[in-house]
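Dock chain to chain to rebuild the complex, using the hints, since each chain is given by itself in its own frame.
Chains A and B supply the protein sequences, listed in that same order.
Counting from 1 along the first sequence, just add 2 to a position and that's the residue number in this note's numbering.
Counting from 1 along the second sequence, just add 678 to a position and that's the residue number in this note's numbering.
For the record, the hints were derived by calculation from the structure and aren't laboratory data.
Just so you know, not all the hints are guaranteed correct.
[Said to hold, decoys possible] Chain B regions said to be covered by chain A (calculated; three or more residues, Cβ under 8 Å):
1) 697-708
2) 713-726
3) 761-770
4) 887-895
[As the list claims (entries may be wrong)] Result set (BS3-like, lysine-lysine): computed pairs, CA atoms no more than 30 Å apart in a straight line:
5) B:K967 x B:K905
6) A:K322 x B:K767
7) B:K767 x A:K282
8) B:K956 x B:K967
9) B:K758 x A:K265
10) B:K758 x A:K273
11) B:K956 x B:K974
12) B:K931 x B:K956
13) B:K686 x B:K758
14) B:K767 x B:K735
15) A:K291 x A:K322
16) A:K282 x B:K686
17) B:K905 x A:K273
18) A:K322 x B:K967
19) A:K265 x B:K767
20) A:K322 x A:K405
21) B:K956 x B:K735
Glycine included, each C-beta is placed from N, C-alpha and C at the ideal position.
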Amino acid sequence: MEERIVKFISALRSGGVRVSLAESADAFSAVDNLGIQGRDAFRLSLRATLVKDAESLPTFEELFPLFFGSGEPPPLMNLMEDLTEEEANMLAQALQEFGQRLREMLERLLRGEELSQEELDALGQMVGLNHADDLRYREWMARRMQRALQFEQVRKAMQEIMELMAQMGMNKERLDQMRQLIAQNMDALREQLRQHAGQRIAENMAEQRPEDQLEGLMDRPFQALSDSDMQKLRQEVRRLAALLRSRIALRQKRAKTGHLDAKATIRANLKHGGVPFHIKHRDRTLKPKLVVICDISTSMRHCSELMLSLLYELQDQVSKSHAFAFIDHLEYITPDFQGNRANEAIQQVLIRMPPGYYSTDLGHSLQNFADDYLDTIDHRTTLIVVGDGRNNYNDPRLDIFRKMARRSRRTLWLNPEMPMLWGTGDSDMLDYLPLCDTILQVSTLSELAAAVDQLLVEKS
Amino acid sequence: MNTTSAFKSIEETTDSLGGQQYIANDEIATTVYLSQQLGKPLLTEGPAGVGKTELAKAVAGSLDRTLIRLQCYEGLDETKALYEWEYAKQLLYTQLLRDQLQQTLAGANSLAEAADRLTDEEDVFFSMRFLLQRPLLRAILSDEPVVLLIDEIDRADAEFEAFLLEVLSDFQVSVPELGTLAANHVPIVVLTSNNTRELSEALKRRCLYLFIDYPSLEQELSVVRLKVPDLAPQMARQAVELVQSLRQIDLRKHPSISETLDWAQALVTLNSENLDRKTLETTLSVLLKHETDLRKVQRQLGRMDGRDDDEDETDWDEELPRRRRID
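The following block holds chain B by itself, in its conformation from the complex (with noise of 0.2 Å):
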């Protein structure tokens, strides 16, 4: 495990990753290390299930920082991302706070003077003994380095992003009370996005930018030769090369490689020895989630049962695309 806290090169970050059961490419790497050195968010775009937010886990994991999760949704305001005042907690301590209150201002003799000594303890109320810290102020407060993912940026709304900006250029936040709190280790911070909508260009500015595309078979199948041991080797190629082959589909969902993990673990469950007709079936609804994805890719199985019956089982997964165009 890492003791500084910081990957040192881009061949560490891969090897740190990789201990975290992270497979990264080169491009993951190295934009994951560039964002460290430069202090600057990385904004991590793609489909959904490709791992984004598994890569923040991951480099939270290989640099053994605490990973603090803001999950983004509509209406997501900064109460509920960055701090909130407890006013409950507060009205209670002046309630339970009343004598003692009434003791401090009893020797007063004007309402002028009164006042003054009520000013002199108001900080009490307003310190951060009362201050519901949120995720972002808690990765801004933190005494230790910490990994902060923004998850599904794109979810929240576009004000929300602005106000994200002075969190994300300064790392520092102002609480009018307070006055303004700076980050004592600048965090990592990790921003996924399902492209369900354009982010503002500020916002792009400010962050590194990573693609993450569903990978080729080669790293598919380390992926769930990784996360799936029990599969037999043959039989992970063989669903991998399906699932490769049902992205080349025009569908609504492509299956991800989280989906296709969940398949090839269903695989084991079953105890499935091979990739027959009748496995595929009971188990493609794993793998789409859409009823017309579903149908769609069983029509072509059928029809390819009519056609050719004694092809060799697991040949016809490669067939797939090509049918489809000639449709």
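One chain only, chain A, in its complex shape (with noise of 0.2 Å):
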């Protein structure tokens, strides 16, 4: 039973669910409290020490009956055994019809036989099920292994079987107790064969060591991830918001200048009878202003999209944020994200902004933004540029941005495209550079939360 536990365990791990050893520990001795006997209980002790996220908990539900199983599949019925000789003679009859192999299933069908383990391995080596190891194939590969029992043919020829027997002269209740009791039948079988795809997935997943997917998927680059994978990555960017946030919440706690904290001063000090030698502060907000410049034309699709949701997740953090997004002008969109989930909000904006073919024009937008709202940078703002400035051999409008750079505390440029491709082609990136204070290379996640992070810190 341990081991099985420790399996269970190492497959949750590779279904994505975080669980540490001093868990894994408080699992087997929740168990050891509870015992194994009341199933429910059992199961309620795995989950409550294991799972702390809601989101992992369908994983966990998913997993739990595949290792502890749900119980045995629906009995298999033996319809031999209550047919009279002159039954089983027509029906020995009509099973002559049919070749060699499908006889042997319609048999195993009417006897009410269930799989051997060897037979389910054999079928599982056979449509690839050892190499399976997420549990998203596993209808896929319960469906192989139906079409290796030729389950579709088998269903055909027991459709003639019945038929035959009736112009043989079977009794019409009969028959059709029969196509019940063999229509159960292959339930159960299907089932059966859905059970050990279950299980043999899972097992492989427990095999298959926790490979660092979110990490893999953080360093892929934006333009190689599938949507799957993008789906993943939105929660991840959640969860690095939140981790961004409390960071952000240490660096203010250690702020050094501001309000005197008389309380806290006092409280301090009383070790020195009263006399502040140490002083203490309220602690500082440091709210940076944010101004976002996001080019959402095709290229720059993936990269913007997560930009934007993790600027969204950071709000609250960020509350002075002005967002832009452009493609051949450029439009205000922080209405968009007020009010609205993220998810919602970008879509709403990307539908709003349908990517064009060749119509970037970035110092078109440039020119929309200084004359309608240059006056959301000031000095405190920090200007934040999100594109790979392919212009489309546009005017850069280089004095605007020169203009704005100047405006702001300072300016920081994100571009996702590897800075040896920066000035081919129409982009426009070497002019640019020269006007921000930093340039970064953003193509992975990982390298987006660590600009975010160093976008969060004071200028010091």
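Written out as structure tokens, the structure is:
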């Protein structure tokens, strides 16, 4: 049993649940306490000790029955037993009509025989079940195994047999009864296959080391991410935002200047008889102001989406932020963020500004900004441009950008492209470069996180 | 009432929580029991208003223990949570005892001797007498076993969370002037979180985890029956069904159990006999606390009005989610 639990824990880990050693030790003592007789209590004692995230609960609920069996697959019925001799003869005759392989399968269904472990293993081997290590493949694998057993043909053959026997003059009620039983048997077999597939995959998962799935994703370039990866990353972005938030909070705590905190000062200086040697200050909130201009043209979408969601999550930290998006002209998107959920807000923006074909025009967008929103930048503002600086040979409007950079506290450019590509083709990156304080190549989530972290540090 | 101040089995846990008017399902009862058996804090998460805080109160009530509550908020630090020296009192005492002090120091021949004598008396000023006990310290030093509720831990800063770690794993705190104070009785600790931010892994590791979700129809109904017995059974069912269907709609804030109870109470107070549209429109604001949510639901109500006027008035609540999907 213990081995089984250990395996279960490693399957959980490779399913993306964080389980520490201390927690698995807790799980064992919880199981010791409640025993394994009560199935529900057993499940709950594992769950309360191993899973500490509402998001991980479904993974747990999916894996648990695979390791500790939700009970047997539904029993198969033997039809042969209660047939009269005459009926049995008719059946045997009807069976003669079919080929060897099909006949075996048909007889199995009629006798109500389960598949043996060896047979299941052989089937699994055939369809490549041993290489599957993701529960998403479960249904697919089960279907492949059914196909290997020629389920479809068997079903048709069964119908033919029934018709044959009807022609031979079998009682109609009996036939219906048999048909029902056979259908039940088939369902039971199907369930057995499904369970086997699930168990096998879960075991594969347990053996697989919990490879740094997320870490891998975080270091993968944005272009190389699939949709499901993006989904995972979006969750990660949220976690990251929480992390950054608390890190910022810690940093703010260490403020050495600001208003005097009289109470804390008296308290700290009690040991000196109330003579204030150590002055304590009230925590200072160093909330940065941000203006973000984000390129959401086709080439940039992945990066900008994640950037926007990270910004969205950090909203309460960076309360004075203004976000703009541009393709060929500039749009103010902060209102979209307010009162909407992250996903909706970002989708809303992306729908309103559909990507065009070679339509990026940063110069014109900067002109828009200078016309309408220049007052959002002041001496406390950090200006961030997210983009690849590819301008379709339009005027880069360096004059406006220079003006903006001069007004702001500092200017940061996040570019997903490799530095060696800057200045090639229609890229104006090298022209913008001298005007920025910092330029970071941000092509993965971890780089993005590092960039945001840096940006929230007060410039000293 | 329990005399030994501990649950003996899962069934007993369910029963005695029930005695406190708290309807615990298997999940809750098992986890509470486990947390007591293992001596580990219990971290409960879930939507607002599903009875996380209530659970701690019920546990305290059914074990006949005192409930010590620490409400977390941004900026909460150890002086508010653990202890604080009563410096004003200390100063006052020094002033008042000046004569006494001078007497003590009177016969001293040298400065060193005077200082020595003073040191001997020093303990007077750094004793429990001047220690202002905050909830955490009170829970640890209590002579009787207690239940400690740390409410909405997600509101506190991350550093406070780190500070809690020592307390929660060893149930001891160190006060520099007094040394380490260990708990006489390990308290039952219940932490609640609304999940507004991710808690640290280290904290989660030390806790058992319990996710309390919105209850099923039957469970919620039995809660309503228990807490608002004056509401007619038929009405109660209708009301709970409505609330359950509201939770299916995409709203900014879904009605919680406590709001269901408020609403049920409101219906009793208004002497409503049926859940007709007029009653609904006047009382809906008890359930929905956001302007946009309120308008959304009212709009759907209104649309229903226009479309099928003769429809049985109680029928529409099952319709709500379906219509939403058509939108």
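Going through the hints against the structure:
no.: 1; hint: 697-708; verdict: holds (count 3)
no.: 2; hint: 713-726; verdict: holds (count 7)
no.: 3; hint: 761-770; verdict: holds (count 5)
no.: 4; hint: 887-895; verdict: holds (count 3)
no.: 5; hint: B:K967 x B:K905; verdict: holds (22 Å)
no.: 6; hint: A:K322 x B:K767; verdict: violated (44 Å)
no.: 7; hint: B:K767 x A:K282; verdict: holds (21 Å)
no.: 8; hint: B:K956 x B:K967; verdict: holds (19 Å)
no.: 9; hint: B:K758 x A:K265; verdict: holds (12 Å)
no.: 10; hint: B:K758 x A:K273; verdict: holds (20 Å)
no.: 11; hint: B:K956 x B:K974; verdict: holds (17 Å)
no.: 12; hint: B:K931 x B:K956; verdict: holds (23 Å)
no.: 13; hint: B:K686 x B:K758; verdict: violated (35 Å)
no.: 14; hint: B:K767 x B:K735; verdict: violated (34 Å)
no.: 15; hint: A:K291 x A:K322; verdict: holds (5 Å)
no.: 16; hint: A:K282 x B:K686; verdict: violated (50 Å)
no.: 17; hint: B:K905 x A:K273; verdict: violated (54 Å)
no.: 18; hint: A:K322 x B:K967; verdict: holds (27 Å)
no.: 19; hint: A:K265 x B:K767; verdict: holds (14 Å)
no.: 20; hint: A:K322 x A:K405; verdict: holds (21 Å)
no.: 21; hint: B:K956 x B:K735; verdict: violated (37 Å)
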